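One line per chain: the protein sequences are L and D, in this order.
Take the first sequence: its position 153, counting from 1, is numbered 152 in numbering that gives the first Met the number 0, and each next residue is one higher.
Take the second sequence: its position 470, counting from 1, is numbered 469 in numbering that gives the first Met the number 0, and each next residue is one higher.
These aren't lab readings, by the way, just hints derived from the structure by calculation.
Check each hint, because a few of them may be wrong.
Examples of chain L residues toward chain D, derived with CB under 10 angstroms [as the list claims (entries may be wrong)]:
1) Asn3
2) Pro39
3) Pro99
4) Ile105
Residues of chain L placed beyond 12 angstroms of chain D at every Cβ, according to the derived structure [said to hold, decoys possible]:
5) Leu4
6) Ala27
7) Asp80
8) Thr111
9) Lys142
10) Ala149
11) Ser150
12) Asp151
13) Thr153
14) Asp155
15) Ser161
16) Glu164
17) Asp165
18) Gln170
19) Phe173
20) Asp174
Since the model is a prediction, treat every value here as computed from it, not as a measurement.
Each residue gets a CB set at the ideal place from its N, CA and C atoms; glycine is no exception.
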Amino acid sequence: MEKNLYGLLVEFDSPTALVDAARQVRDAGYTNTDAFSPFPIHSIDEALGIKRSILPYLCFAGGILGLASGIGLQYFVHVIDYPIIVGGRPHMSLPAMIPPAYELTILFTAFTAVFGMLFLNGLPRPYHPVFNISRFGLASREKFFLLIEASDETFDYETTRSFLEDLEGQQEVFDVPE
Amino acid sequence: MALKEKEKDQIATTSALSPKELREMHRKLVPAMIEGDHTFGTVSDKIGDVALKRKTPFHWFIGVAIAFCVAQLLLFTTIWLLLKGIGIWGTNQPAGWAFPIINFVWWIGIGHAGTLISAILLLLNQKWRTSINRFAEAMTLFAVANAAIFPLVHTGRPWLAAYWLFPYPNVMGIWPQFRSPLIWDVFAVSTYATVSLLFWYVGLIPDLATLRDRAKNPFFKFIYSIFSWGWRGSARHLHRYELAYLILAGISTPLVLSVHSLVSLDFAVSQIPGWHATFFPPYFVAGAIYAGFAMVLILCIPLRHLYNMKDFITHTHLVFCGKVMMATGFIVVYSYVMEAFFGWYGASQYEWFMIKNRIWEGPYFFMYWLLILCNGMAIQLLWFKRFRESEFWLFFVSVIVSIGMWLERFVIIVTSLHRDFLPSSWGMYSPTVFDITMFVGTLGFFFTLIYLFVRFLPVISIFEVRTLLPAANVHGHSEDFEENVLEVEYTYDRTDPPNA
Numbered sequence: 000m001e002k003n004l005y006g007l008l009v010e011f012d013s014p015t016a017l018v019d020a021a022r023q024v025r026d027a028g029y030t031n032t033d034a035f036s037p038f039p040i041h042s043i044d045e046a047l048g049i050k051r052s053i054l055p056y057l058c059f060a061g062g063i064l065g066l067a068s069g070i071g072l073q074y075f076v077h078v079i080d081y082p083i084i085v086g087g088r089p090h091m092s093l094p095a096m097i098p099p100a101y102e103l104t105i106l107f108t109a110f111t112a113v114f115g116m117l118f119l120n121g122l123p124r125p126y127h128p129v130f131n132i133s134r135f136g137l138a139s140r141e142k143f144f145l146l147i148e149a150s151d152e153t154f155d156y157e158t159t160r161s162f163l164e165d166l167e168g169q170q171e172v173f174d175v176p177e
Numbered sequence: 000m001a002l003k004e005k006e007k008d009q010i011a012t013t014s015a016l017s018p019k020e021l022r023e024m025h026r027k028l029v030p031a032m033i034e035g036d037h038t039f040g041t042v043s044d045k046i047g048d049v050a051l052k053r054k055t056p057f058h059w060f061i062g063v064a065i066a067f068c069v070a071q072l073l074l075f076t077t078i079w080l081l082l083k084g085i086g087i088w089g090t091n092q093p094a095g096w097a098f099p100i101i102n103f104v105w106w107i108g109i110g111h112a113g114t115l116i117s118a119i120l121l122l123l124n125q126k127w128r129t130s131i132n133r134f135a136e137a138m139t140l141f142a143v144a145n146a147a148i149f150p151l152v153h154t155g156r157p158w159l160a161a162y163w164l165f166p167y168p169n170v171m172g173i174w175p176q177f178r179s180p181l182i183w184d185v186f187a188v189s190t191y192a193t194v195s196l197l198f199w200y201v202g203l204i205p206d207l208a209t210l211r212d213r214a215k216n217p218f219f220k221f222i223y224s225i226f227s228w229g230w231r232g233s234a235r236h237l238h239r240y241e242l243a244y245l246i247l248a249g250i251s252t253p254l255v256l257s258v259h260s261l262v263s264l265d266f267a268v269s270q271i272p273g274w275h276a277t278f279f280p281p282y283f284v285a286g287a288i289y290a291g292f293a294m295v296l297i298l299c300i301p302l303r304h305l306y307n308m309k310d311f312i313t314h315t316h317l318v319f320c321g322k323v324m325m326a327t328g329f330i331v332v333y334s335y336v337m338e339a340f341f342g343w344y345g346a347s348q349y350e351w352f353m354i355k356n357r358i359w360e361g362p363y364f365f366m367y368w369l370l371i372l373c374n375g376m377a378i379q380l381l382w383f384k385r386f387r388e389s390e391f392w393l394f395f396v397s398v399i400v401s402i403g404m405w406l407e408r409f410v411i412i413v414t415s416l417h418r419d420f421l422p423s424s425w426g427m428y429s430p431t432v433f434d435i436t437m438f439v440g441t442l443g444f445f446f447t448l449i450y451l452f453v454r455f456l457p458v459i460s461i462f463e464v465r466t467l468l469p470a471a472n473v474h475g476h477s478e479d480f481e482e483n484v485l486e487v488e489y490t491y492d493r494t495d496p497p498n499a
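Turn these sequences into a full structure, and let the hints guide you.
So this is what it looks like as structure tokens:
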């Protein structure tokens, strides 16, 4: 096995070949894997064995936090810090407080969705070993790639490489340096 | 797309045809979301090159020069406004709300189509949103930016505007009044601007990565690298990315409906006849989408010609936009009828007076009939296929509708205010030259931003358009999937695994 090897990258021409290969890689027991494609492919989640993300739960929590801060802010302003009677309404006039709280719920959910997604994805990450392969630039254009990381328990350089070379539809197998 | 039985039969009987003939047939059956023989690569080149090419087309310079010059009117008027105060405008008693809020509502409304296309059509799984969502979202952002100018400067003293707009601890120790629709509006519009920006930016990340990988100029490569955040199209990332995108769409839908509803409450919560109506929120939301689709058409018809994007923005897209415009237009017309009906049926003398004054007795009655002509009559053309499928007429109707929606806000705001309860407080309103330069200036600013966007960013979502290509379908073993488009499309619901 080579030193400083991050993993093995294999190129495909079509999403079908990628998904078929991903299934075989998953069935062979590899877990530290990833696929790269120029657009989202839905069957790849199942093929690679990607578990459903916790992002929706985070967003729900974000939304609840937004709602609570919306109500809390208005309660603080109108009941605690600056109670003033306008038009004979009670200090705590919940119906009138709904619109700002509603908007803050949406705002917090949106922030959680976007920044939660980036955080869980480990982005921003300007450098990644796969960028060392010049062909990888085509992953954002028209080619499909599958990666098996060297850190995988089942990984063995010779076996894994010949396994990847035997995959149907593979164009080329690259050694990805760290 | 579920196919009708009849169409399936048609396919079954045509299996003897060659792949080319089958493809032709496929195009006839399924409305064209993408035309021409494209591959993943050509899609990326065609859209990406508009942003990446060193040579800028000449028409771009002409367009941006005109728009930028017009935008100077906004700069000039704003400076003059800050120096002199709002006395330079025609806004005065009894029309204490006039051009600034008309323009604010008009611009905010235009933004709504962008969110409708990007969020609601995504939830409804409408494929035709894919090639128009990017610039419709940009349109939303720029329209909201223009709208925001008016509330910020409408007092002429924007440095005094912050403490009653945003809740922050200030030296006076006072807070905004959260029971007021005006503060609801601030929350709605600022949330809307922020979420629209997030939505647009998230959609851009994979395309910025495409531009990063294709850019030759090191400076632009660096810029695109920074803003694509090291995106590499990983399946694990895309899984979360799509979830995030779906969640954004899910929350943008109630958001967009709330924004114009809350804008309408600025009026409806008051007691002025002509404003005090419970049906304002849906009426305003429909009008917003109506105006917004008109602006989408105004932008996308020249765009597809100037940048030769006819393969991606097809006739189907234009016709669909026209149909949405027609549907929302009828909701708006229905609202006009109901408004008059409520005035009569409500048996309040003030309400009935307002309707009479607005429609035939008052000094602004011609504005009302211009509004009916623009918003009610012009769309009737779209009943006919000949007009609906003609780019010229769609563009023409869209311009008329944009004018009509501006007139609608003028009618609602000015004609309601100039005759209120007490005849002693009646008066007339007319804009000054500064009212007009301010509005025209925002148009210039809007188109300047649109031009910059078209030059530096992909105007169509590249990675989503790729999914429209037949080659993007994952299917069972077949050597040449391009030739088997039909097989894929019509047998996709089979349940056996691909390896079987």
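Do the hints match the structure? See the list:
Interface hint status for Asn3/L: violated, as the beta-carbon distance to the closest one in chain D is roughly 20 angstroms, over 10 angstroms. Hint status for Pro39/L: holds, given a least beta-carbon distance of 5 angstroms to chain D, under 10 angstroms. Interface restraint check for Pro99/L: the shortest CB-CB distance to chain D comes to about 4 angstroms, inside 10 angstroms, so the restraint holds. The beta carbon of Ile105/L is positioned within 10 angstroms of a beta carbon in chain D (closest approach about 5 angstroms), and the interface hint is therefore held.
For Leu4/L, the requirement that its beta carbon stay farther than 12 angstroms from each beta carbon of chain D is met, with the minimum near 18 angstroms. At roughly 14 angstroms from the closest C-beta of chain D, the C-beta of Ala27/L stays outside 12 angstroms, upholding its exclusion from the interface. Listed as outside the interface, Asp80/L is inconsistent with that label: its C-beta sits roughly 7 angstroms from the nearest C-beta of chain D, within the 12 angstroms cut-off. Non-interface call for Thr111/L relative to chain D: violated, since the shortest CB-CB distance, roughly 9 angstroms, does not exceed 12 angstroms.
Against chain D, the non-interface label of Lys142/L is violated: not every CB pair exceeds 12 angstroms, the least being about 8 angstroms. At the 12 angstroms boundary, the C-beta of Ala149/L stays outside the reach of chain D, the nearest C-beta of that chain being 17 angstroms off. The Cβ of Ser150/L lies farther than 12 angstroms from every Cβ of chain D, with a closest approach of about 15 angstroms, so its non-interface assignment holds. With 12 angstroms as the threshold on Cβ separation, the claim that Asp151/L sits away from chain D holds: the shortest Cβ distance comes to roughly 14 angstroms.
Listed as outside the interface, Thr153/L is consistent with that label: its C-beta sits roughly 18 angstroms from the nearest C-beta of chain D, beyond the 12 angstroms cut-off. At roughly 23 angstroms from the closest C-beta of chain D, the C-beta of Asp155/L stays outside 12 angstroms, upholding its exclusion from the interface. Interface exclusion of Ser161/L from chain D stands, the closest Cβ pair being 21 angstroms apart, more than 12 angstroms. Non-interface status of Glu164/L relative to chain D is upheld: no Cβ of that chain comes within 12 angstroms, the nearest being about 19 angstroms off.
No beta-carbon of chain D is positioned within 12 angstroms of the beta-carbon of Asp165/L; the least distance is around 15 angstroms. The non-interface label for Gln170/L is consistent with chain D: the shortest C-beta to C-beta separation is roughly 15 angstroms, beyond 12 angstroms. Under the 12 angstroms C-beta cut-off, the non-interface status given to Phe173/L relative to chain D holds; the minimum distance is some 14 angstroms. The Cβ of Asp174/L sits about 18 angstroms from the closest Cβ of chain D, beyond the 12 angstroms cut-off, so the non-interface label holds.
Checked against the numbered hints listed earlier, the structure breaks hints 1, 7, 8 and 9; every other hint is satisfied.
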